[in-house]
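S.K.: Okay, here's what each chain looks like letter by letter:
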Amino acid sequence: MKSLLRLRIFLRPYARQILLAVICLLGVTTLSLVVPDIIRRVIDEGLAQGDMGMIRRAAFLILGIGILSAAFSSGQRYLSEWIAAHIGYDLRNRMYDHIQRLSFAYHDRAQAGQLISRSIEDVRSIERFMGFGLIELARLSVLLVGVVTLLFLQNLRLAGIALLPLIPLVTMTVWFGSIISRYFLEIDNNLGELSSRLQENATGAQVVRAFAREPYEIARFDAANRALYRARVTVIGQWSRVMPTTRLLAVLGTVLILWFGGSMVLRGEMTVGEVVAFNSYMVMLAMPARQLVWLVNLGGEAVAGIQRVFEILDTPRDIASPPDAVRLPPLSGQVTFREVSFRYEGDRRAPALQDISLEIAPNQIVALIGSTGSGKTTLVNLIPRFYDVSAGAVLVDGYDVRRVDLASLRRQIGIVLQTSLLFSDTVRANIAFGRPDASPEEVEAAARAAQAHEFITRLPEGYDTVIGERGLTLSGGQRQRIAIARALLMDPRILILDDSTSSVDLRTEQLIQQALDTLMQGRTTFVIAHRIATVRRADLILVLEGGRIVQRGTHARLLAEEGPYREIYELQLAGGRQTVDGGR
Amino acid sequence: MSQPIQPPAYILKNYEDSHAEYNREVVRRLMGFIRPYALPMLGALVLMLINAGAMVAGPYLIKIAIDDGLSAGNVAVLRNASLAYLGVALAQWVAIYLRVNVMARVGQSIIYDLRARIFEHLQALSLEFFSRHSVGRIITRTINDVGVLREFFTWAILAVARDLFDLFGAVFAMLSMDWRLSLLAFTVLPVMAWMTATFRRKSRAKYRQVRAATSWVSSVLAENINGVRVVQAFSREDYNYAYFRQQPNLYHRQSKLEAARLSAIFLPGIDLLGALATAIVVGVGGAAALGGDITAGILVAFTLYINRFFEPIRDLSRRFDTFQSAMAGGERIFALLDTPIQVQDAPDAVEMPPIRGEVRFDGVSFRYDEEDAWVLRDINVHVGAGETVALVGETGAGKTTFIKLLARFYDPTEGRVLVDGIDIRTVTQASLRSQMGLVLQEPFLFNGTVGENIAFGRLEATQEEVEAAARAVGLHDFIAALPQGYDTPVHEGGLRLSVGQRQLVSFARALLADPRILILDEATSSVDTQTEQIIQRALERLLHGRTAFVIAHRLSTVVNADRILVIHDGRIVEEGTHAELLALGGRYAALHRETVGR
Chain A
6 MKSLLRLRIF
16 LRPYARQILL
26 AVICLLGVTT
36 LSLVVPDIIR
46 RVIDEGLAQG
56 DMGMIRRAAF
66 LILGIGILSA
76 AFSSGQRYLS
86 EWIAAHIGYD
96 LRNRMYDHIQ
106 RLSFAYHDRA
116 QAGQLISRSI
126 EDVRSIERFM
136 GFGLIELARL
146 SVLLVGVVTL
156 LFLQNLRLAG
166 IALLPLIPLV
176 TMTVWFGSII
186 SRYFLEIDNN
196 LGELSSRLQE
206 NATGAQVVRA
216 FAREPYEIAR
226 FDAANRALYR
236 ARVTVIGQWS
246 RVMPTTRLLA
256 VLGTVLILWF
266 GGSMVLRGEM
276 TVGEVVAFNS
286 YMVMLAMPAR
296 QLVWLVNLGG
306 EAVAGIQRVF
316 EILDTPRDIA
326 SPPDAVRLPP
336 LSGQVTFREV
346 SFRYEGDRRA
356 PALQDISLEI
366 APNQIVALIG
376 STGSGKTTLV
386 NLIPRFYDVS
396 AGAVLVDGYD
406 VRRVDLASLR
416 RQIGIVLQTS
426 LLFSDTVRAN
436 IAFGRPDASP
446 EEVEAAARAA
456 QAHEFITRLP
466 EGYDTVIGER
476 GLTLSGGQRQ
486 RIAIARALLM
496 DPRILILDDS
506 TSSVDLRTEQ
516 LIQQALDTLM
526 QGRTTFVIAH
536 RIATVRRADL
546 ILVLEGGRIV
556 QRGTHARLLA
566 EEGPYREIYE
576 LQLAGGRQTV
586 DGGR
Chain B
16 MSQPIQPPAY
26 ILKNYEDSHA
36 EYNREVVRRL
46 MGFIRPYALP
56 MLGALVLMLI
66 NAGAMVAGPY
76 LIKIAIDDGL
86 SAGNVAVLRN
96 ASLAYLGVAL
106 AQWVAIYLRV
116 NVMARVGQSI
126 IYDLRARIFE
136 HLQALSLEFF
146 SRHSVGRIIT
156 RTINDVGVLR
166 EFFTWAILAV
176 ARDLFDLFGA
186 VFAMLSMDWR
196 LSLLAFTVLP
206 VMAWMTATFR
216 RKSRAKYRQV
226 RAATSWVSSV
236 LAENINGVRV
246 VQAFSREDYN
256 YAYFRQQPNL
266 YHRQSKLEAA
276 RLSAIFLPGI
286 DLLGALATAI
296 VVGVGGAAAL
306 GGDITAGILV
316 AFTLYINRFF
326 EPIRDLSRRF
336 DTFQSAMAGG
346 ERIFALLDTP
356 IQVQDAPDAV
366 EMPPIRGEVR
376 FDGVSFRYDE
386 EDAWVLRDIN
396 VHVGAGETVA
406 LVGETGAGKT
416 TFIKLLARFY
426 DPTEGRVLVD
436 GIDIRTVTQA
446 SLRSQMGLVL
456 QEPFLFNGTV
466 GENIAFGRLE
476 ATQEEVEAAA
486 RAVGLHDFIA
496 ALPQGYDTPV
506 HEGGLRLSVG
516 QRQLVSFARA
526 LLADPRILIL
536 DEATSSVDTQ
546 TEQIIQRALE
556 RLLHGRTAFV
566 IAHRLSTVVN
576 ADRILVIHDG
586 RIVEEGTHAE
596 LLALGGRYAA
606 LHRETVGR
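Going line by line, the protein sequences match chains A and B. Per our numbering, residue 6 is the first one in the first sequence, and the count goes up by one each step. Per our numbering, residue 16 is the first one in the second sequence, and the count goes up by one each step.
Looking at chain B on its own, in the form it has when it is part of the complex (with noise of 0.2 Å):
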């Protein structure tokens, strides 16, 4: 192992940035998060304050026991002394007690508004985000960056404020007592500054690094997990699982360990600096004590308060980390709030009424981005309510390109669409699509019962109606022999279906929403004959009297269709009937020679 391991360019390239523990924006969106919570936070702030104070109070009153308790034999003074020092931790559990409640509510309450803004945007960004980014990485986003900020809420902030506040208590404390010998005890404290900033820019890189190692472990793994069959069936395990072992996980390893050095030379590195203080205030102080400067007290009390003084500041260097994380997870998770949502309603928009049928499009033309080639150029269609639309041509011409725009999944970057003469822009995406039917080439069962997939479109639907939908599609007799019938769960770990059946289901489900307006985008090429031959039945009922727009290799819909579109390369080439495009001897006559001709 000479050659040193690299995580691939798409890891590193996501921390390839600097993200220092503070990032002015994120820190100011963060806040915005922050701002519901600013009363229970100040309030949690107020116990903290006590809380440290009782802390500062201890050793100040183990002090006055000892020189005006014990060396004064005063047994008054000792007494109340003990019991302040009782009243003190009392109160310190209270605050600690009040202070943790608050903190977990006002944090927890926080990551959940972060989580429920996430999801919301997910469920209005565009389609093209769900294909650009795995589904892993949405995860990741949501739950793990958010993950690392609910440290950040929870604990990080408000302990921050404490390990300053343990500081200045500890300084104000020394110095009050015995200036001069403060100062001595003071003066490592520029070797000190310099370790620490010597650490944190070190860190940062090796940080850094574990996080990426840690990204890259998870994608390999994530992703051997869900293509497991195919690894098996091409008796892969054993070279993935040397890879793992020697590369993404190696290098894993060797990250936290260089992180681990940094740190195993740094923190013992700050103890040693406090021993050198205690050294100092007992050497110098002891000769001041000596000389009647200094009561013994004093000196006690010295060595006590530079422990409190070196704590908060190991405390707050463990805390970069943590602070990098969170600046890392933050910038994620705001660049995903900030991926524009490009399909949304109008301020103005009104509910679509009730959908005839008639479709125009009217000089859609549509590309993804503007550096983007077209997919659908100069599309004019005028379709009359009730008719059935073939959409026919090959993989890429822009036949599902079309479709979408029609459900308005996109907007046309030129032209527009209009349903019932209605610019689809101006209406609601929900009453829009709530009178539209769908059935996509891979059909899509969410968890929960054959029932709940089939009346997923309208929740209202009775148990007969969901029946009617799957007799419809000649798919009740398989699901009333289920031993639970339609409370079968389907799904991973439920009900084992085939990919034909689970194309039913969908169909079943576009069915019972009742459609103006139905799209099937290859929805028949994954059933077999017969099956094909009950949805044909069933379709020719459903169409009847709906606009109905179809995409099909092979279906006789499109013979059957009342107009078939031929699109090529993003624009309409041919249109008519069957028998119009046959004559015409062009693209579409080829292409029917070619299927008739096997």
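One chain only, chain A, in its complex shape (with noise of 0.2 Å):
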């Protein structure tokens, strides 16, 4: 209950359209109370004194109230779609832009698979509630009232008798709803399990055969959809005791009626017209009675994903530009890490980064250098601040980047990380990633700038080929490159370039490496590579180990003295030297 309560916000801008829409159902509602009374007074008045006018007036007034309340009954049922509708889009929004405002920290822990499920699923589930279920809540509960009212009305003693199956059905169902949504929370769990297994199989294929692992996996596939049928069969199991049941309180509200209006009757206390009456008001009764349950169900299954949904909107942005944000001007490029820290949330083993201090100029290449895991990629993803600091600031031109407008951080920052991912989009729309505005000539610039012009054009559709899962597939050379295109467009003051030739081969990298020669000129850049031939043409190289900065300075500074790099240098020369001995 509480959670519902929570949907309050979405509910108040459409308090006009609710409040339109309940009025609808309140003559819906008050109308087919009407029509029982009219066929009791044509039996009572109409048949007992012969009176035809009155008969034929009472058909007309059957159909007029038909037509109203078909009006009535129209206008409800559109509306409450229209609501649920509007709830639905923006409950969507908030949770398309609110992930993709949640820190990298946060989807670094987050299963995407989860994500998504709950922005689709979840949402639907409750807005399928608010529209149809909440809205005939109120009916129902309209209903329930104004029947009860009138049978207390109609006849004061038989309608204590006849109501009295009401007590237990009404503590029954709120009971059921106490206890369902649990049922839903594992259901969902369970799905959940189901499309991880899915996810990992489709995305583990190879693996999973060059192991030969299908019988495992299969099992284990098997052990998720086992729990699946369980959770469902146990939750239509609760339900089956509980519906068939609130029906048989409902037909026992009729037999009393039965009885001791039919005793009444004999008595001469109660007409027969009116014994009809109270019998069609309490079978009104019977319907609501039994969707009541239906209705506690599926909010139930509202109410599990409220939870789930709330649990990703109430999770802070806690990378967001401050209120007081300064506005970057264009940037010369100076970035200064000012005795840095930073420890992964969560993660209980030495800080990633420990103590570093830099100061790098406009303009510097700097070369990053390091065994796999000793903190470059870490200490890059810093400086567009994908990433808070623990300890210490990370400074752009001066700037704590915890004090500027993100957006004016980052888009004069270029990166292209290590695993190049696209869209399914174009080519064009891909490489205009960062900036949508970007004129055709610009697009095919940066795509000859990063030797990526070539391929494109021989691609079936050019720049208007789809790429991506629905469409073309690119061999990782081609994928990384348009993946620099799109980084070159933003013409960044910095660049990063998060070990982004390793999956090229060696000639496409030669000519990558070429572009970039000439596009780190006049930008600070920040390169992570493997190769000595890589870095040795850096302004300063970085040497990490364990989240330090072991040795820091020029190829040939670094080549004189004892330490890590000249071990790298050392172990790289012995590999071309052997390449060297080898052709002899």
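Source of the hints: derived by calculation from the structure; they are not laboratory data. Quick caveat, the model's predicted, so the values are computed rather than measured. The beta-carbon is built from N, C-alpha and C at its ideal position, and this holds for glycine as well. Careful, some of the hints might be misleading.
Unchecked claim - Derived, one-sided and incomplete: chain A residues facing chain B with beta-carbon distance under 7 Å:
| id | residue |
| --- | --- |
| 1 | 63 |
| 2 | 376 |
| 3 | 482 |
Stated by the list, open to error - Across the chosen pairs, the derived CB separations fall in these ranges:
| id | chain 1 | residue 1 | chain 2 | residue 2 | range |
| --- | --- | --- | --- | --- | --- |
| 4 | B | 609 | A | 558 | 21 to 31 Å |
| 5 | A | 235 | B | 355 | 26 to 36 Å |
| 6 | A | 542 | B | 605 | 17 to 27 Å |
| 7 | B | 369 | A | 393 | 51 to 61 Å |
| 8 | A | 133 | B | 350 | 20 to 30 Å |
| 9 | B | 44 | A | 354 | 28 to 38 Å |
Using the supplied hints, reconstruct the complex from the two chains, each of which is provided in its own coordinate frame.
M.R.: Put into structure tokens, the structure is as follows:
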């Protein structure tokens, strides 16, 4: 219930429509209460007194009420769908925007599949309940109160008897409502497990095959599949006991009316028509009583969904522009690390970065080298503020990155990530990702600079070829070059290349390297690389080990001193010498 | 917003073909899944009939209570009718309880079976399938499309039976009480038939549009979440949000409202016809009652039956959407299940005996499809047991395909691949692959612990063996230093491993599997020099006595390989040792000059 209340803010903008829907609903309900009374009068007055005119009037009245009721019902139906569609629309927007602004740290922990299923499935179950369930719930309450009042007005004593079954009915429904959302959470979790099994097997298909693990994977999927089966059957089992019982209790009311009301007729305390009308009202209760359980079921599902959705919406955007953010002017490209330490959230190991102090002048080329897991990627990720430092500060042109407008910072930084993720769209749109307003000439220029223009023009539809999951599959090297073009189009003041040439063959790497060499001119550049050949021309080389900078300097200086850099150099040289030796 | 919103072509193309709410072929195949549960379903149907009978009996008992009990002043009849009504209600309780439980089990079992079938089929499909179909789409098929069928199997099938029964029950009861009054009530039927037909026709298109809109919203959302790091890196949040709000999400809302408008006219329309029928019955029946042709009880029962008559019709029209979705979902599921399995164990496949390691490609050519260009052309290679072979060539030359044919991820279009002289198509895939080790360029870790990921290919491995494998690739110290050691969970939400570290895990995994043939596909491109050195040393030991195929841009293994195959445009253009090829002065020599030159 508490969870349901949280949806108020989503309902508020549509208060007018909700009010209107409830009015329509009251209209429909009130009118439906009138009809049994008309039939009672037909029997008691029309038939008893032989008044044909009265019967005719009754017939027309029924038709008139039917027309009016259809109008109300039409309005109510459309309005409740309208409200549902608008709330669903708002909720999906909120989810979409909130998720895309949550920090890298959040996305490191979250499972993408979970986020997707919450934004789609859970929002859908909330939407279904809000539009249909809420209005219907209002209607049922009105109907319930209306019918009960009418019954008491008609005959106090009979009403008291006939309504006795309502007490256990309401009690049971409330109990059912309190337990059911737990079962739906269980189903949701099982569905999540099933999705991750699928996700894993679809992405890791080759590894599963290579190790002949299919039977094991099938068994694991089967366990999840079976658990889901059990959860579903359990929920329906609960519902199967409650649902017919409500019906039975409602029927019990009719039986009580027949018996006690009948006796009253025989004693001359009531007319037949009154008992018939009384029973018609009781039958009207039976339907809502059944629907109530069904609604509670639907509500249980929605509450489970609401909990899961708000779990996301309640996550604070821990990395966002502060209220008094400074819009960065065009940067010169100076980067400072002031005693920076960084530890990944929830990671109990040693900090990923410790005590990093750096002073990078504009237009310098900085190379980062070090063994895998030494903190190279972590270090460069702090510059565009993908993560916030645990201690110290990162400054760009003297501005602390935590004080500036995030977009104004990131728009001046171009990044080529280790894995080049592209989107299902045209090549052009992918290159223009950071600047959707770029002209075709600019896109082409960026592609040329990244050595991508040539292969793009050979694609079936050139720059308009759709790539990605639903389109043409590109090779790793081609993807990488598009990712580079994408970064270049931003004309960034600071360029970050995270091991961006590792998945291309030598010839391509050379082409890209040539392109990058010219592009690095006039920008501050951070390059992560493994090859000495790539880093030797850098203005500053940083050697990282266990989250610390253990050596810094130019290639010549670092070679001259004892240390890991020279070791790496010698190792790679040895590889080269081997080649040369073999060549002799 | 004057321009109407249109989903992109890749969404629409899945919804273009007309998915009627009845597709004979889909229904026939769905019935195949129902067949094992025919008996319980029959039972449920009987229970349903009992329930429907009880529903019809209710008003009739009331009529008796009024006409024969109250009007006649007969207390016994009144009491008996009341008790009978209660008995009927109890029977109804039992019938509903049993039916719901039986159908829950039947429906969920069918869904369980379908999902199991899909998953097993996925495990047998070629890798090509996975590169052509996004993970999202595979999940949608197995979760959502099957989920729609759940509704269909658990509720809809029997509900239709119940609706039809209620309908005919009401018609029968009305006719048997007074056929003239019944015919009068039925005069509204032609109008209703016309309305229903119109609604069906129009709603089909609208519901299809809603489904397309849903799929569009989902795919845009999913892509944004998967690519969220790039989105933030390029500050695209505002742009993407505006797009989502104004395009897919708005289109979704509009589509839903259009569909709602339709049913907001249709369903109250049906109610109106019900009111018209009631008015006719009261007007004409009232006159008949005055004339003494019918009793008051009949009149009352008639107004009740008219409601019972229109309710199933409303219910059926509400189910159009479920049926349509079920047919569309069924079509897509069967399309997936019909995707041919390209690599399959031969019916008479035998276990591959322990492999010595001799590999022969005998006139092998390969292309994905008949219209496609050849990826490999006329490959003839003979590799002795224990040899290390390096494959060299540009991206797209066919090196990876060569390896995939050896692991039998694909079958050659022409020619044969032989291991120890045995055509690999004649042995089981499991027995072949369990003797091969494969390390790919992009390491893949499964949800689980580090230890489990290393033991991936040999589940029965002991802790010592796992540690030994980790030690061999220089990973042991790192893992041992973790708070939970080998039991530390990896993957999403767990331990953060760098790409290089993940690669080491997959090396350890291959080591532990103790393969007879080892395949390294650009396995060291993302590790640093020191790590590469460690791996290199581990490899020297590992390669000893095993046949190995290595694809690498830089690895010195290439230089040290017993033989180098230079592949260009799907053909082997040069073959020999490093020294021989350098002396040849061809493509390899040129490649090598570029490397050393840097």
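S.K.: Against this structure, judge whether each hint is valid.
M.R.: A quick look at each hint next to the structure:
1. 63: 6 Å, holds
2. 376: Cβ of residue 376 of chain A sits 5 Å from chain B, so the hint holds.
3. 482: Nearest chain B Cβ about 5 Å off; hint holds.
4. B:609 to A:558: 21 to 31 Å: With a Cβ separation near 29 Å, residue 609 of chain B and residue 558 of chain A satisfy 21 to 31 Å, so the hint holds.
5. A:235 to B:355: 26 to 36 Å: Holds - the Cβ-Cβ distance for residue 235 of chain A and residue 355 of chain B, about 34 Å, lies within 26 to 36 Å.
6. A:542 to B:605: 17 to 27 Å: 24 Å, holds
7. B:369 to A:393: 51 to 61 Å: 56 Å, holds
8. A:133 to B:350: 20 to 30 Å: Holds - the Cβ-Cβ distance for residue 133 of chain A and residue 350 of chain B, about 28 Å, lies within 20 to 30 Å.
9. B:44 to A:354: 28 to 38 Å: 54 Å, violated
Consistency note: the structure conflicts with earlier hint 9 alone.
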